[in-house]
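**Q** Sequence:
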Amino acid sequence: MARKQFDLIVFDWDGTLIDSTSTIVKCIQASAKDLGLPVPTELLASHVIGLGLQEAMQLVMPDVEPKYHARMAERYRYHYLSRDHELALFPGVHEMLLELSQQAYFLAVATGKSRVGLNRSLNAVKLLSLFDATRCADETFSKPHPAMLQELTRELGQDMRRTVMIGDTSHDLLMARNAGAASIAVEYGAHPVEQLQACNPLYSAATVADLHQWLSEHA
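Residues in the sequence shown are numbered consecutively from 9, following this note's numbering.
None of these hints come from the bench; they were simulated from the model.
Quick caveat, the model's predicted, so the values are computed rather than measured.
A portion of the hints provided could be inaccurate.
[As the list claims (entries may be wrong)] Using C-beta positions, here's what the derived DEER-type ranges look like:
| hint | residue 1 | residue 2 | range |
| --- | --- | --- | --- |
| 1 | S224 | D167 | 13 to 23 Å |
| 2 | R169 | E225 | 13 to 23 Å |
| 3 | K41 | E107 | 38 to 48 Å |
| 4 | V201 | P99 | 14 to 24 Å |
| 5 | Q111 | E73 | 43 to 53 Å |
| 6 | Q13 | Q110 | 16 to 26 Å |
Built from N, CA and C at the ideal position, the CB exists for glycine as well.
With the hints as extra help, turn the sequences into a complete structure.
**A** What follows is the structure, given as structure tokens:
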């Protein structure tokens with residue numbers, strides 16, 4: 009079947025393909041508790057998901073001394089590493105990605121994770137060979153800067169106008185806007201639906217099945 013709008017489909021990782029939002033929130037909160045700092049609310053902790061780790065810690069704890077941001081990041085890594093083996097893909101994600109790959113779309117990941125963290129996660133869920141390229145926050149500018157999408161399109165020789173970014177946060181959707189790419193929101197991740205809608209995505213998917221169907225019919 010001929011592609012209608014897009015050649016390159018870029019996915020966020022946490023909260024979009026893998027069910028990790030709750031775990032990330034709990035790890036951020038545990039890190040603050042370890043250091044005797046005010047524990048951020050679930051809403052605040054979930055808002056910074058998708059950003060690079062240092063930037064996330066600065067935003068989630070804006071009123072503490074800067075020296076604590078690095079220590080928060082260290083404690084976060086400790087807690088997350090002890091739990092990341094528990095994480096799984098959202099139901100239906102593997103089938104969706106396999107079908108898109110078989111239809112010869114270019115597939116990529118743009119994530120706030122570190123390179124080490126993403127590779128470990130990709131290996132754990134056996135998806136490493138399915139993506140044509142990936143970009144992490146410790147390799148370039150963090151979202152919503154457009155650099156990740158700019159670098160991915162250059163690496164794969166693709167046109168930004170035929171590229172779509174799919175994510176569960178406003179950081180993902182604003183990155184797409186800043187890069188000149190289309191965006192699709194998923195409503196089952198970190199950010200509230202109204203926050204996603206404010207970014208004017210091309211489509212907003214309530215579930216993975218909903219996303220899969222839309223991509224099959226319109227991408």
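**Q** Each hint: holds or not?
**A** To see whether the hints hold, each was checked on the structure:
{"no.": "1", "hint": "S224 - D167: 13 to 23 Å", "verdict": "holds, 22 Å"}
{"no.": "2", "hint": "R169 - E225: 13 to 23 Å", "verdict": "holds, 20 Å"}
{"no.": "3", "hint": "K41 - E107: 38 to 48 Å", "verdict": "holds, 42 Å"}
{"no.": "4", "hint": "V201 - P99: 14 to 24 Å", "verdict": "holds, 20 Å"}
{"no.": "5", "hint": "Q111 - E73: 43 to 53 Å", "verdict": "holds, 51 Å"}
{"no.": "6", "hint": "Q13 - Q110: 16 to 26 Å", "verdict": "holds, 18 Å"}
In summary, this structure violates none of the numbered hints.
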